[in-house]
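Residues per chain are reported as follows:
Number of protein chains: 2
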Amino acid sequence: MKIIRNGEAPSVQAPAQNFTGTVWQNPIMRAEDPARVNSVNVTFMPGARTNWHHHPYGQTLHVTAGLGWFQTEGEARIEIRPGDSIWIPPGEKHWHGATDTMMMSHIAIQEREGEGHATWLEPVSDKDYLAQ
Amino acid sequence: MKIIRNGEAPSVQAPAQNFTGTVWQNPIMRAEDPARVNSVNVTFMPGARTNWHHHPYGQTLHVTAGLGWFQTEGEARIEIRPGDSIWIPPGEKHWHGATDTMMMSHIAIQEREGEGHATWLEPVSDKDYLAQ
Numbered sequence: 018m019k020i021i022r023n024g025e026a027p028s029v030q031a032p033a034q035n036f037t038g039t040v041w042q043n044p045i046m047r048a049e050d051p052a053r054v055n056s057v058n059v060t061f062m063p064g065a066r067t068n069w070h071h072h073p074y075g076q077t078l079h080v081t082a083g084l085g086w087f088q089t090e091g092e093a094r095i096e097i098r099p100g101d102s103i104w105i106p107p108g109e110k111h112w113h114g115a116t117d118t119m120m121m122s123h124i125a126i127q128e129r130e131g132e133g134h135a136t137w138l139e140p141v142s143d144k145d146y147l148a149q
Numbered sequence: 018m019k020i021i022r023n024g025e026a027p028s029v030q031a032p033a034q035n036f037t038g039t040v041w042q043n044p045i046m047r048a049e050d051p052a053r054v055n056s057v058n059v060t061f062m063p064g065a066r067t068n069w070h071h072h073p074y075g076q077t078l079h080v081t082a083g084l085g086w087f088q089t090e091g092e093a094r095i096e097i098r099p100g101d102s103i104w105i106p107p108g109e110k111h112w113h114g115a116t117d118t119m120m121m122s123h124i125a126i127q128e129r130e131g132e133g134h135a136t137w138l139e140p141v142s143d144k145d146y147l148a149q
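Line by line, the protein sequences give chains A and B.
Under the working numbering, the first residue of the first sequence is numbered 18, with each subsequent residue one higher.
Under the working numbering, the first residue of the second sequence is numbered 18, with each subsequent residue one higher.
Please keep in mind that the hints were generated in silico from the structure rather than gathered at the bench.
There is no bait here: all hints are sound.
Pairs involving identical chains hold if they fit within one copy or between any two copies, as the list cannot separate such chains.
SDA-like, lysine to any residue: derived pairs with alpha carbons at most 20 Å apart:
#1 Lys19 - Gly100
#2 Lys110 - Arg129
#3 Lys110 - Asp50
#4 Lys19 - Pro107
#5 Lys19 - Arg94
#6 Lys19 - Trp69
#7 Lys19 - Glu109
Small disclaimer: the values here were computed from a predicted structure and weren't measured.
The task is simple: from the sequences and hints, build the whole structure.
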């Protein structure tokens with residue numbers, strides 16, 4: 018077994034090419050081959066969000082704090098709250114993040130295909146982000 | 018996408034044939050095929066623990082509250098604390114649970130092979146559980 022103690026894996030700021038605003042990622046674990054799963058704690062400051070993106074084997078989100086927004090392309094934006102769990106199927110284009118006034122933390126769980134577990138697309142415009 | 022709102026998936030008590038003591042499981046999500054991952058919040062009351070078991074694609078644990086114990090067969094029992102993450106490789110026989118005086122909650126993440134994501138073995142004896 019392998020243990021990563023609290024404090025041993027520093028928080029990393031999410032890259033500006035795939036996120037808008039300030040987002041901190043706390044790695045939980047990258048499972049070793051032949052397992053595929055990767056898990057991470059993600060905290061979005063108010064106004065921060067992912068770019069549009071999708072996953073080869075889908076994604077599970079579990080909200081742990083704050084208040085967030087989630088949107089699948091072509092559907093209405095929804096509010097997500099602590100204790101809510103979201104399943105996004107493979108290839109479904111979506112984004113998630115904080116609301117414009119509240120931070121949001123979630124655990125994100127996704128399986129990789131080869132080395133990649135996400136295909137990153139364009140930023141979420143302020144118009145899309147704020148649309149109700 | 019599919020959303021399970023907090024409160025929609027009741028907590029379930031873990032089955033006595035695979036656990037000792039009182040253990041509550043809160044499902045997070047079972048990813049749909051071809052994804053394999055299943056995630057669950059698990060809370061162990063003081064003295065409660067899993068049976069010995071192993072997983073076809075290993076398991077990730079992330080402690081969220083309390084104080085717990087973890088042991089791989091043939092190794093020393095270790096203490097696990099909130100924020101600690103543990104990776105258990107495929108087939109590695111192990112158990113996890115609360116300490117004898119403290120509850121413990123963790124998120125458990127594992128991938129299924131067919132319909133199963135764990136092979137359950139014998140209970141952890143009080144002697145093994147309390148060995149330091």
